[in-house]
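Residues per chain are reported as follows:
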Amino acid sequence: MKEILVHLHDVSVGYDEPLIRDINIEIESGDVIAVLGPSGIGKTTLLRTIAGLVRPLEGEVELGVPSRGGLGYIPQRLGLVGNSTVRSNVEMGTRVGLSRWYLPFLPVPERQRRYAERAMEDLGIAHLADQPVRILSGGQQRRVATAKTLAQRPKLVLADEFLGELDDDNVDIVMNTVRAAIEAQNSAMVMVEHHEELAKLVANRVWRITEGRLVEEVME
Amino acid sequence: MNKRLAAWGVILLGLAAYFFVDMAGDWGRLSGGWGNLRRFFAESLWPPNWSVLEAQSYPVCDATFEFTCSVAWIGMWETIKIAFVATVIGFLVALPLSVLAASNLSPIEIALPVRILLAGMRSLPSIIWAVLFMIIFDIGALAGIFAMSFYTVGYLGKLQFESMEGIKNAPLEAAKAMGMSRSETAWLVAIPESANNLLSHVLFMFEYNVRHGTVIGLVGAGGIGLYINTYLKLAQYDKVVALLLVVFVVVVLIDAVSMVVRSAVTEEGDVERPSWSSLFLPASISSAMHPTPMRKDADVHESE
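In the order they appear, the protein sequences are chains S and W. So in our numbering, spot 165 of the first sequence is number 165, and the numbers just go up one at a time. Count along the second sequence starting at 1, add 1000, and that's the number in our numbering.
It is possible that some hints are incorrect.
Claimed, not checked - If we take Cβ atoms under 10 Å as the criterion, some of the chain S residues that face chain W in the derived model are:
{"hint": "1", "residue": "G79"}
{"hint": "2", "residue": "S84"}
{"hint": "3", "residue": "A126"}
What the hints assert, rightly or not - Here are some of the chain S residues that sit facing chain W, going by a computed Cβ distance under 7 Å:
{"hint": "4", "residue": "Y15"}
{"hint": "5", "residue": "L53"}
{"hint": "6", "residue": "V54"}
{"hint": "7", "residue": "Y73"}
{"hint": "8", "residue": "P75"}
{"hint": "9", "residue": "R77"}
{"hint": "10", "residue": "V81"}
{"hint": "11", "residue": "M92"}
{"hint": "12", "residue": "P104"}
Stated by the list, open to error - Some residues of chain S that are not near chain W, with every Cβ distance over 10 Å (derived):
{"hint": "13", "residue": "L19"}
{"hint": "14", "residue": "E62"}
{"hint": "15", "residue": "R100"}
{"hint": "16", "residue": "Q152"}
{"hint": "17", "residue": "R179"}
{"hint": "18", "residue": "R213"}
Hints are computed from structural coordinates only; laboratory data are not their basis. Model, not experiment: these values are computed from the prediction. Using N, Cα and C, we set each Cβ at its ideal position, and we do this for glycine too.
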């Protein structure tokens, strides 16, 4: 069954000046949305606004997902803790499924540990589990960031150019795993991508930003 | 160089020179100063009196190594113990306070009062803390431990919250978007991200506390400073020099150990493994003796 996960009402996004105006759009479960457009046009700012990191200049962002753990965010710079191990980073994703009062220095419970193991195995990084993230290559770090978000099991994934630095084989692994997770959990994903061809292969909806407006393209 | 920056540099240097000349007063008073210092050095300070390394005559020493009954060992060991305990207590108290004081982890309504508290703990000199705690606990090591712990909290708290504020924004933003609580963000993101700096600060603070043991000991708060104070009162300056040289050697050794510890936790070349010469020689000479090996950047990537 389709659920509305996010509803943007007359939203304008930007910092001092609006970059994108009058956005009225919904994100439903099952959506894999590619956000396209040239650099500096406001794609990342749109994502950050949906993530609650930037206030909209106008309008309202209505989230239909839980505030704790409902939203997974992979920033352009991945947001990993370089000094912590791959396992610790991936398990961090599962912690938001626990109570807010679960002490952060306690190990995660068995079920959450299994989610993390499964995500690492699916993305081919299980053998790196005990390595500190800072020594991994850019491509490996991207897979860790994806595993962290999948282990979190969010209703909505926001990913900012997370396919960059992956070779073709790894793009397939990552996208197949993400798509399978979205289908299984009836969740959705919004991804900002520079590689238009790649994005269109993966997405089932396309938002193009042009001249300060967000326009939904009809998929062929 | 930027002209405005150069102008500011000249103004600040000029101001410093003016203050110096203003405060120096009558330069004529210095005429006999060097001679006095040379005489004092030759008659009272040098050579150091190494009897401080010999076992004391009373109480009778029954230890395997008689050296451990010497004034230098007893005083230094007590100073190291005071510094160690104070650094551990200071770190345990400073860590949560620094999380509360970091503006990227706590709201300003909490951060500001905690910063004021830390500033207050720093603003009283350690010797004043020592006097206050001696009134409570009497002369001895306990007063020293509490005095050192207090200013350790003030200093470490400041160094640590500044380190936490310096971490990259992306992990914090990802944590916020996920809905992680403040305690989770602090424990799982901020502390590991700034761990190298935190460790570095703790090791520095331990070394600082050992050095500072001589100062707070002067007012009776235990450790080697207590013995230095006694010898100063008795005008046995050659023994004072010997004890100060012992402190110097211990500080150099602690510095060496701390460099090795830091290099062990920051593998992959974040900090170069130290050479012994780097402890004693200027960096330019030491680096010429031990050229830095190439980093393996080809397959090592910093996390962004």
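Now for the hints, and whether the structure bears them out:
no. : hint : in the structure
1   : G79  : 3 Å, holds
2   : S84  : 5 Å, holds
3   : A126 : 19 Å, violated
4   : Y15  : 15 Å, violated
5   : L53  : 5 Å, holds
6   : V54  : 10 Å, violated
7   : Y73  : 4 Å, holds
8   : P75  : 5 Å, holds
9   : R77  : 4 Å, holds
10  : V81  : 5 Å, holds
11  : M92  : 5 Å, holds
12  : P104 : 4 Å, holds
13  : L19  : 18 Å, holds
14  : E62  : 16 Å, holds
15  : R100 : 5 Å, violated
16  : Q152 : 6 Å, violated
17  : R179 : 21 Å, holds
18  : R213 : 25 Å, holds
The structure is inconsistent with the numbered hints 3, 4, 6, 15, 16, although it conforms to all the rest.
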